[in-house]
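Those protein sequence lines, which keep their order, are chains Y and H. Heads up: the first sequence at position 40 corresponds to 830 in my numbering, and the numbers run straight through without jumps. Heads up: the second sequence at position 105 corresponds to 1361 in my numbering, and the numbers run straight through without jumps.
Heads up, some of the hints might be wrong.
What the hints assert, rightly or not - In silico lysine-lysine, DSS-like type, Cα no more than 27 Å apart, as pairs:
id : chain 1 : residue 1 : chain 2 : residue 2
1  : H       : Lys1261   : Y       : Lys830
2  : Y       : Lys826    : Y       : Lys842
3  : H       : Lys1293   : H       : Lys1356
4  : H       : Lys1356   : Y       : Lys799
5  : H       : Lys1327   : Y       : Lys826
6  : H       : Lys1324   : Y       : Lys842
7  : Y       : Lys842    : Y       : Lys830
8  : H       : Lys1293   : Y       : Lys830
9  : Y       : Lys857    : Y       : Lys826
10 : Y       : Lys830    : H       : Lys1327
11 : Y       : Lys834    : H       : Lys1356
12 : H       : Lys1293   : Y       : Lys831
13 : Y       : Lys812    : H       : Lys1310
14 : Y       : Lys831    : H       : Lys1327
15 : H       : Lys1368   : Y       : Lys830
16 : Y       : Lys799    : H       : Lys1293
17 : Y       : Lys826    : H       : Lys1356
18 : H       : Lys1293   : Y       : Lys812
19 : Y       : Lys831    : H       : Lys1261
20 : Y       : Lys830    : Y       : Lys799
21 : H       : Lys1368   : Y       : Lys861
22 : Y       : Lys812    : Y       : Lys857
23 : H       : Lys1312   : Y       : Lys830
24 : H       : Lys1368   : H       : Lys1327
25 : Y       : Lys834    : H       : Lys1324
26 : H       : Lys1261   : Y       : Lys834
27 : H       : Lys1356   : Y       : Lys831
28 : Y       : Lys826    : H       : Lys1312
29 : H       : Lys1293   : H       : Lys1312
30 : H       : Lys1356   : Y       : Lys857
31 : Y       : Lys812    : Y       : Lys799
32 : Y       : Lys831    : H       : Lys1368
33 : H       : Lys1324   : H       : Lys1312
34 : Y       : Lys809    : H       : Lys1327
35 : Y       : Lys842    : Y       : Lys809
36 : H       : Lys1312   : H       : Lys1327
37 : H       : Lys1368   : H       : Lys1310
38 : Y       : Lys812    : H       : Lys1356
39 : H       : Lys1368   : Y       : Lys834
40 : H       : Lys1261   : Y       : Lys826
Keep in mind that the hints were calculated from the coordinates and are not lab data.
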Amino acid sequence: DTAVSQTPKYLVTQMGNDKSIKCEQNLGHDTMYWYKQDSKKFLKIMFSYNNKELIINETVPNRFSPKSPDKAHLNLHINSLELGDSAVYFCASSQSANEQFFGPGTRLTVL
Amino acid sequence: DQQVKQNSPSLSVQEGRISILNCDYTNSMFDYFLWYKKYPAEGPTFLISISSIKDKNEDGRFTVFLNKSAKHLSLHIVPSQPGDSAVYFCAASADTGGFKTIFGAGTRLFVKA
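Chain H with its partners taken away, still in its complex shape (with noise of 0.2 Å):
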C-alpha cells in the first residue's frame, strides 16, 4: 500500500526547458513534503520542502507546488540544466516522534544538452 506515489518512473528534457515531475500522496495527515536528489552511489540530497499549510515553495530553479485537494505535489526545475539529471524521491513526513518519512519510488530525469 504505497502512500506516497511517483507514476512517472523516467522522464526527458532538453536543457533549458521546464522539467515537472509529479507525486500523489494517500494520506491527508502528513505535515511536510519534501523533494530529494539522488546521484549513482550516493545517498539521497535534500533540495525542498513545502508545509502541508502551503500551497507553492519557491528556491532559486526549483519550486514545488501542493495541491491539497487534488493530494498531488510537483516539482518544476527551470531552466533544466544537464547537472540536474539524476534520480529525484518526493516524500511525505509526519511531525510526530521520530519523524517518519515515506519515499515515492523515485523518477529519474534525463536532461539532454
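In isolation and in its complexed conformation, chain Y is listed as follows (with noise of 0.2 Å):
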C-alpha cells in the first residue's frame, strides 16, 4: 500500500545510453513532480505535472522528458546519458502547495 512508489530503486548504465524511470501514486493526487539531488544533496525540482498536464519545466536538458498517461503516473525519460546525469532522483505527488509526498528515489549511476 506504498504511497508514491519508484522503479527501480538503482540503475547503473553506461553514458549515452536511454532509461527510464518510472512512478506512480496511489493518493488520487492531481499533481506529481520529478525531483533530482546531486552530490550536494541539494533537492531541485524538474518537472511538476498537474492531471497530465506539464506546468512546471525548469531548465532541464531536453534529453529528459518527462511522459503522464494517467495522473496517478509520471514517468521520467532520459536520452543520450551524461556523467552528470549521477544523482538521485525523487518522484513526489501532492493535493496542496503545503506537502508533497515523495517516493523513495532512484540512485542512477552513469559509468
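Reconstruct the complex from the two isolated chains, following the hints.
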C-alpha cells in the first residue's frame, strides 16, 4: 500500500544509453513532480504535472522527457545519458502547496 | 541563487534537550513553509508546515516559527530523541499552478543518547 512508488531503486548504466524511471502514486493526487538530488544534496525540482499537463519545466536539458499517461503515473525518460546525470531522482505527489509525498528515490549512476 | 538557505550543515544535540534548526528565505511571495525529514536511502517525509499568514504552528514535539520581517523560520524539536537523527530540509512553496517548491540544502541533526 505504498503511497508513492518508483522503479527501479538503483540504475547503473553506460554513458550514451537511454533509460526510464517509473513513478506511481495511489493517493489520488492531481499533481506529480520529479526532483533531482545532486552530489551536493540539493533537492531541485525538474518537472511538475497537474492532471497529466506539464505545469513546471525548470531549466532541464531536453534529453529529459517526462511522460504522464494518467494522473497516477509520471515517468521520466532520459536520452543520451551523461556522467553529470548521476544523482538520486525523487518522484513526489501532492494535492496542495503545503505538503508533498515523496517516493523512495532512484539512484542513477552513469559510468 | 538560493532562495531558501539552511546555513548550518549539521547540528548535534543531547537527548532530551531542544533542537533548533534555522532557515532563511529571500522571496516574499511564498505561501507555505515546510519542514521535511529524511533518513538515508529514503525519500523526504513531510514533518510540519506553516502558512505565510501565521507565525507559529505546533504539532506535538515539533513547533515551527515564522518571522516574516526577517524572512526567517525555525523548527524546534523538544525534547529531542535519538530517532530524530536525520537530515531536515526546509522548503518554501507557492500556491500557484504546479505548487513549485524550493528546498534548502538540509541540516543533519545528530541526537546523542
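Numbers of unmet hints, in rising order = The structure conflicts with hints 6, 7, 13, 21, 23, 24, 28, 34, 37, 39, although it agrees with all the remaining ones.
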